[in-house]
Amino acid sequence: MAQATGQDSKRPVIGVTGNNRWWSPSWYCIRFSVFLAGGTARRISTSCRVPIDSLDGIVISGGDDIHPTIFGEEPLPETFYDHDRDELEQEYIRDAMERNLPMLGICRGHQLINALLGGSLHLNIRTMRKKTLNRRGLLPTKTVNIVIPSRLHDIVGRERIRVNSLHYQAVRELAPDLDCIASDLDNFCQSATIADKNILGVQWHPEYLFYLATHRKLFRWLVQAAS
8 MAQATGQDSK
18 RPVIGVTGNN
28 RWWSPSWYCI
38 RFSVFLAGGT
48 ARRISTSCRV
58 PIDSLDGIVI
68 SGGDDIHPTI
78 FGEEPLPETF
88 YDHDRDELEQ
98 EYIRDAMERN
108 LPMLGICRGH
118 QLINALLGGS
128 LHLNIRTMRK
138 KTLNRRGLLP
148 TKTVNIVIPS
158 RLHDIVGRER
168 IRVNSLHYQA
178 VRELAPDLDC
188 IASDLDNFCQ
198 SATIADKNIL
208 GVQWHPEYLF
218 YLATHRKLFR
228 WLVQAAS
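Heads up, the sequence shown is in this note's numbering, so the first residue is 8 and it goes up one at a time.
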């Protein structure tokens with residue numbers, strides 16, 4: 008376990024990547040979720056780097072769209088991309104995998120893990136949806152079906168859950184090393200993992216659903232794997 012001090016000395020240290028914005032609801036909700044799970048969160052951004060060897064686990068959090076050149080596509084017009092964050096998070100993903108650190112990818116983090124490992128993304132799925140709503144929202148209104156058996160099923164103990172949705176990009180081609188272990192009603196991959204590593208990606212934002220035990224279990228899995 009990475010070295011800590013004081014009352015947090017027995018808590019695994021979980022790095023959380025994100026943007027540079029001072030006010031980040033996602034960061035505060037992830038920090039709270041990690042705390043509830045028994046860990047201590049440390050914020051990582053392009054202006055606040057944290058040594059990888061000081062971490063016991065990592066969250067690659069959600070945010071702006073991933074630049075399409077990472078997976079061989081052209082960017083969409085009038086779309087904001089954060090090149091520096093893309094580079095930072097790719098570096099942390101590689102370093103975490105080299106050190107076998109437990110990793111949870113959330114929304115864009117789930118997508119970036121897939122893209123970095125050789126997969127690709129849909130740039131905008133709004134016109135592709137048939138059975139699920141196109142509206143973005145924090146409430147758990149979308150149905151996700153979970154593969155049995157799978158790591159996600161082991162974690163949440165259910166074959167079907169309701170999740171929120173804040174994304175336009177989505178996994179198109181899955182990276183060779185990843186297994187899709189959950190899908191929505193339009194068959195977009197909602198969770199992926201590497202069977203022999205403690206790596207899990209989810210397309211939704213469990214940090215905004217910390218009031219539901221099912222979604223808190225994702226952070227508990229990460230912290231326990233990092234212990």
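To be clear, the hints were calculated from the coordinates, so they are not data collected in a lab.
For clarity, every value in this text was computed on a predicted model and none was experimentally measured.
Check before you lean on any hint, since a few could be wrong.
The calculated lysine-lysine pairs, modelled on DSS-like cross-linking and capped at a C-alpha distance of 30 Å, are [to be verified]: (1) K204 to K17; (2) K224 to K138; (3) K204 to K224; (4) K224 to K17.
**Q.** Numbered hints the structure breaks, given as an ascending list
**A.** none
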